[in-house]
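I would like the entire structure built from these sequences, with the hints used as guidance.
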Amino acid sequence: MTPQPGTDHPSELVAHQRAHWEQTYQANPRLYGEAPSEAVRAAIERFASSEVRTVLELGAGHGRDTLALLAAGYTVTAVDYAATALSTLTEEAARRGVADRLHTLVHDVREPLPFADGSFDA
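Under our numbering, the first residue of the sequence shown is numbered 1, with each subsequent residue one higher.
I should point out that these hints are in silico values taken from the structure, not numbers from a laboratory. Any given hint could turn out to be false.
Said to hold, decoys possible - Here are the computed distance ranges between Cβ atoms for each label pair:
#1 Ser11 x Thr54: 30 to 36 Å
#2 Glu34 x Asp100: 18 to 24 Å
#3 Glu45 x Glu111: 30 to 36 Å
#4 Gly59 x Ala27: 14 to 20 Å
#5 Ala48 x Ala83: 28 to 34 Å
#6 Ser11 x Glu45: 38 to 44 Å
#7 Ala42 x Glu12: 35 to 41 Å
Glycine included, every Cβ here is placed at the ideal spot set by N, Cα and C.
Listed below in structure tokens is the structure:
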């Protein structure tokens, strides 16, 4: 993303980026489609033969991968800095009956994560 005029300070740039993604997800709640990514499909296959039960997803967006992980039976903590995207994800998880295994956190992943080491299996 190209810095915009008036965004010379890092905090201004972060605010600009956050606003951009909030607007983008409001305008396009299914921006990347509904099908899970190839990476998460492969992860689900790999997790099936392991002890994985809890998953941390960074940059979850509107949650197409989170929803696939939830459907596969995992407990997922979805992190994104666009509250709008996480709200859409939470609503869809509730509609699908899997919200009890979903935790969301509005957080900028450029900052340290607020979880202890070993909090997640994957």
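Results of checking the hints against the structure:
Distance hint check: the CB atoms of Ser11 and Thr54 are about 32 Å apart, consistent with the given range 30 to 36 Å. For the pair Glu34 and Asp100, the supplied restraint of 18 to 24 Å holds, since their beta-carbon distance comes to about 21 Å. Between Glu45 and Glu111 the CB atoms are about 32 Å apart, so this pair conforms to the stated range of 30 to 36 Å. Between Gly59 and Ala27 the beta carbons are some 19 Å apart, a value that agrees with the proposed interval 14 to 20 Å.
Checked against the hint of 28 to 34 Å, the pair Ala48 and Ala83 passes, with Cβ atoms roughly 32 Å apart. Ser11 and Glu45 have their C-beta atoms about 41 Å apart, which keeps the hinted 38 to 44 Å range intact. Judged by the Cβ atoms, the range 35 to 41 Å given for Ala42 and Glu12 holds: they are separated by roughly 38 Å.
When each numbered hint is compared with the structure, no violation occurs for any of them.
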